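Novice: Using the hints provided, position chains B, C and D relative to the given structure of chain A.
Chains as they are written, first to last, in the working numbering: chain A, 748 to 1068; chain B, 748 to 1068; chain C, 748 to 1068; chain D, 748 to 1068.
Don't take every hint at face value.
One copy or any two copies: either way a pair holds, since identical chains are not told apart in the list.
Stated by the list, open to error - The list that follows gives simulated cross-link-like pairs (lysine to any residue, SDA-like), each with its CA atoms no further than 25 angstroms apart: (1) Lys987 / Val974; (2) Lys839 / Arg1065; (3) Lys987 / Val910; (4) Lys839 / Ile851; (5) Lys907 / Tyr1010; (6) Lys985 / Tyr975; (7) Lys907 / Ile1052; (8) Lys839 / Leu852; (9) Lys1028 / Asn984; (10) Lys1044 / Tyr1054; (11) Lys907 / Asn827; (12) Lys763 / Gly816; (13) Lys907 / Gly1051; (14) Lys907 / Ser944; (15) Lys1025 / Leu1046; (16) Lys907 / Val828; (17) Lys985 / Phe893.
No lab work stands behind these hints, which were simulated from the structure alone.
Predicted model only: the values in this text are computed from it and were never measured.
Protein chains: 4
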Amino acid sequence: MILIIEGAKGLMEAIKDRAFEHKYTVMIGRSHGIHAEPITFGFKLAVWYGEMKRNLRRLEAAREVISYGKLSGAVGTFANVPPSIEAYVCRKLGLKPAEISTQILQRDRHAEYFTALAILAGTMEKIAIEIRHLQRTEVLEAEEAFEKGQKGSSAMPHKKNPVGSENIAGLARLVRSNAIAAMENMALWHERDISHSSVERVIGPDSTILVDFMLHRLTGIIKGLVVYHGRMTENLNKLKGLIFSQQLLLRLSQLGMTRQAAYDIVQRNAFKVWETGKDFKSHLLEDQELMGYLSEKDLDEIFGIDYHLKYVDEIFNRVFA
Amino acid sequence: MILIIEGAKGLMEAIKDRAFEHKYTVMIGRSHGIHAEPITFGFKLAVWYGEMKRNLRRLEAAREVISYGKLSGAVGTFANVPPSIEAYVCRKLGLKPAEISTQILQRDRHAEYFTALAILAGTMEKIAIEIRHLQRTEVLEAEEAFEKGQKGSSAMPHKKNPVGSENIAGLARLVRSNAIAAMENMALWHERDISHSSVERVIGPDSTILVDFMLHRLTGIIKGLVVYHGRMTENLNKLKGLIFSQQLLLRLSQLGMTRQAAYDIVQRNAFKVWETGKDFKSHLLEDQELMGYLSEKDLDEIFGIDYHLKYVDEIFNRVFA
Amino acid sequence: MILIIEGAKGLMEAIKDRAFEHKYTVMIGRSHGIHAEPITFGFKLAVWYGEMKRNLRRLEAAREVISYGKLSGAVGTFANVPPSIEAYVCRKLGLKPAEISTQILQRDRHAEYFTALAILAGTMEKIAIEIRHLQRTEVLEAEEAFEKGQKGSSAMPHKKNPVGSENIAGLARLVRSNAIAAMENMALWHERDISHSSVERVIGPDSTILVDFMLHRLTGIIKGLVVYHGRMTENLNKLKGLIFSQQLLLRLSQLGMTRQAAYDIVQRNAFKVWETGKDFKSHLLEDQELMGYLSEKDLDEIFGIDYHLKYVDEIFNRVFA
Amino acid sequence: MILIIEGAKGLMEAIKDRAFEHKYTVMIGRSHGIHAEPITFGFKLAVWYGEMKRNLRRLEAAREVISYGKLSGAVGTFANVPPSIEAYVCRKLGLKPAEISTQILQRDRHAEYFTALAILAGTMEKIAIEIRHLQRTEVLEAEEAFEKGQKGSSAMPHKKNPVGSENIAGLARLVRSNAIAAMENMALWHERDISHSSVERVIGPDSTILVDFMLHRLTGIIKGLVVYHGRMTENLNKLKGLIFSQQLLLRLSQLGMTRQAAYDIVQRNAFKVWETGKDFKSHLLEDQELMGYLSEKDLDEIFGIDYHLKYVDEIFNRVFA
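The following block holds chain A by itself, in its conformation from the complex (with noise of 0.2 angstroms):
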């Protein structure tokens, strides 16, 4: 379990250093797998920080509710042992004494841990994924760093495959499936049945080894990860403007305009963009309605890339804190 805790702390460091290096890395923001408007990687980055941070608790939390030790005999009453001797063999372990218990400790305790465990490798498996989406072919604004000498695929010489983080994505399923078999645990007979042995035998190793071989995979494909500012760019323009039309939305609105109006005036110069292949600014300025609205100068600030990196900085300090 510390091991563990170190291993999320590094991963973390790890996440830390590549978000101040990117901090102002611009890129696409996409949801729905769809452009939206841009961010920078290292805010990307923040918010996976942020959210082990969350785990980091979470762990914290588990490892305090499984630092129990239990010597109270056959039904938990103490009757052939006192409490005093639980409490010297518990400090001799490094544990303390449960408050109370039967034959066992109750397995309330474990689920905690199994699926702090699970939410963790749910977190990395996020984070594995996004990577594996940075580095698919028509994206690959990030890959998985390729040591010398390595080879690709061994038919298809020119592939580079993130199969660090497939493998992270895989591994999650496993953790995140051994957390119903703890909770499953929970409910013995009376006051111990032996039903959850065999399955903590299995499931106690292999949860608790692959998360640590997950966090320090991943911890090494964070810091070596490539990342490729130049595509990073060219996909920012993909859309040839179109992710700036929410701004130029609200500032119409903001000029008095209905929201239907100027719903209208956008939506039918953002189809001309797929109709025509030109981009987006170059119709608005056809726009003789819209241009009866707007200056050029107020269209070049409604695309600028500064007013979406305004708050970047102030993120940070919320969150690296």
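Specialist: Below, chains B, C and D alone, put in the same frame as chain A:
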């Protein structure tokens, strides 16, 4: 969430009241479904109370982690709405602003909430299964209250079924499996995809309402639970004194006998009980080898119930302090 | 897979043998854990046999669906290797060529295999839990065989624990939760991603070996199960005849009494049993209203065991034909 | 269940129609999210059709196993009602009488039903995720139909989101986790306990209705799916011919070159593509060592698309025969 926490506290009150009422109501403790050593019914309830304290802590942590809001725009950059507005709106809603967000709050928060509910449901399942065991015809040490005028089984008028506890045991399966769906919701694409939404529309109300219902139903069952002292005593004596074999074994060891020799003596007399149906103590009194080590007064002490109750008070102090 | 199917058949043989051995071994049937009406122990085993027949059908279907191979290249188009080679290689391996494939076989096949194992494990869990119930001290109608020289509990020499059945009940949780991971493996990206691989390396051997182990362990338990006729009879009479209340109710209805009136008579005498501890029939004989409808001979018939056994032979013919 | 099967057949029809429509619509096949070798869009659909055939078989099997009724009394012995009545009632209800039953039908039947639904949902999840991938901005090879007058994102007028597919991907999580609850329902106590009832009241309607809804929604999406040939071609050429590297590698091997030597030649020219941005073939034409082995005509053949399509017809015959 506040209602869930109130409900959990209500259940704890009910458990506590019955625990003190039955602090010294002696019954057999069981492991593997087999009689082990005496406990009290209050002790059993105190174990549940101890587990509920941990559930309460998990619920409070889950409440904290979901008490956050966000109003940071389509990808989380505050491009169109400054953080001050987010702070204002969150305050109005009784929420705290998230440190960082994308189009949404990250779903590890929700996963923590749903797993906390699932573990709580697992505790209630454990209690419900215990009551079902205690109510079974051959045990019948406790029984769900039968309301006046209530019919038993429609076809079998003599039956009083633990339908409340069975209901709770079943519902726990739903709350537990919903937690899996909640954890799968974590790995959304980029700055959000909407696949989590349909899931949360189902499991959000379902798990919350089910746990609320379970808490109140179980509280009612605990409050009304009919406890049969007579049957507890009767069952306690079912193994004709064999449950005291461990003390005998320990006493013989203390007298310098090897563990193997002691075990042989105990086991040979235990097997006689199964063969003859006479009680253990009478067989021991006839065992000349044994009685060379022990006096009849020693035996009386070994077969005494106080031996098992001597730490009940200390345990209660630990749990209910 | 062949070994699993052989194991399942072996378990079925063991169940069948014991079913015929105990075709007319009368015991109480229970619903909600409460005594209901008489059955035979062979009937209980026949229910398990019937369920195993369905498991066998599911296993055969799963074997079919995973008996396929593919050698269709990196994306499934046979660009570099013609279908004839695939056919040849599959034949050599005892597989059939998949109709269509991508880089891999689609994972619904594997999901079917792992869910078939999980449902089979669920059947074994049900049987194991039944044995644990039957072996509990207060019931003790059956018991896992205790090998010569085997010690019971290390601390409590009198105990014989159903550890084999507890073990099986626990392992079922693992096989079941592995099925979730197998189903999550289905949604791979495009013509394949490799996230399923790490999962299958764990659950493939784990679920297969666990089910194989469970089948053999449970077969051994069924074969060796010690059945206590005496206790079955004793338990059957535990409710002092109340289990015959349904026949009484039906007979009164047939005699033209309204259901409500009949229910009242039955219930009032049933409650007297609980109060006095005397048997149901003697109370009925003293109920003048009731005895206006029935003769003593009628009562004897109503309290007869043959009434419940008359279709056992027909049921066995259905199941084992 | 009949409606589910009809819905599955409707989905298959839609897939089949589009598969033949796009039998020779060439696009890139991908593994690990990375471009691999060419396929056709019809081929991709044919893979789904093949998987749906297996789902249909599982649904038919599940329909059979739940088409049973029972009227065998409180514990299954027909004590009060003979098998002939059961046969009569089941016939009236369009059911078959179960060979054997307790107070209820055994829940392995229901587990098979719910896992069959869950695997079907997994197939739909796979298809939905594929569509989400194809619709992402950088890929945009296909798109859910946008109904006339439909707004895109409320805040971002340029966006067309694959919300139908995202919805289906989410709902699959619910259907899958419900299968776990269904499997936990199997291990009921003795001749029945009622813990399964509350579970089935939720997952019965939920999983059935959700799958029915998903089938119809996905059928509509498949029917209306807008396919962008132009982008498919554009993406196909994205790697500037590198996707033909495997054929080159194989041809060199056939000419007697060692695999290692061939791999080196291919990889060194592949890396040049990344460096220069020029296409693969032009680098190869300049590679004197290579051109000692191959003519320009050979290269044209190696870079031909027909090489990849030659078995499409045979595959379609296998799948749709």
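Novice: Each hint: holds or not?
Specialist: We went through each hint and held it up to the structure:
1. Lys987 / Val974: both (23 angstroms within a copy, 21 angstroms between copies)
2. Lys839 / Arg1065: between (41 angstroms within a copy, 21 angstroms between copies)
3. Lys987 / Val910: Answer is between: at 23 angstroms across copies they meet the 25 angstroms cutoff, but 33 angstroms inside does not.
4. Lys839 / Ile851: Within one copy only: 19 angstroms inside a chain, 47 angstroms across chains, cut-off 25 angstroms.
5. Lys907 / Tyr1010: Cα proximity of Lys907 and Tyr1010: across copies only (15 angstroms, versus 43 angstroms in one copy).
6. Lys985 / Tyr975: both (15 angstroms within a copy, 16 angstroms between copies)
7. Lys907 / Ile1052: Between copies only: 23 angstroms across, 32 angstroms inside.
8. Lys839 / Leu852: Intra 18 angstroms, inter 43 angstroms, cutoff 25 angstroms: intra-copy only.
9. Lys1028 / Asn984: within (12 angstroms within a copy, 29 angstroms between copies)
10. Lys1044 / Tyr1054: Answer is within: at 14 angstroms inside a copy they meet the 25 angstroms cutoff, but 54 angstroms across does not.
11. Lys907 / Asn827: Only across copies: Lys907 and Asn827 sit 21 angstroms apart there, 64 angstroms inside one copy, limit 25 angstroms.
12. Lys763 / Gly816: Result: close only across copies, 24 angstroms inter versus 37 angstroms intra.
13. Lys907 / Gly1051: Answer is between; shortest inter-copy Cα gap is 23 angstroms, intra-copy 35 angstroms.
14. Lys907 / Ser944: Intra 43 angstroms, inter 18 angstroms, cutoff 25 angstroms: inter-copy only.
15. Lys1025 / Leu1046: For Lys1025 and Leu1046, only the intra-copy Cα distance (16 angstroms) is at most 25 angstroms; the inter-copy one is 36 angstroms.
16. Lys907 / Val828: between (62 angstroms within a copy, 23 angstroms between copies)
17. Lys985 / Phe893: Cα proximity of Lys985 and Phe893: across copies only (21 angstroms, versus 27 angstroms in one copy).
The structure fails none of the hints (numbered hints given earlier).
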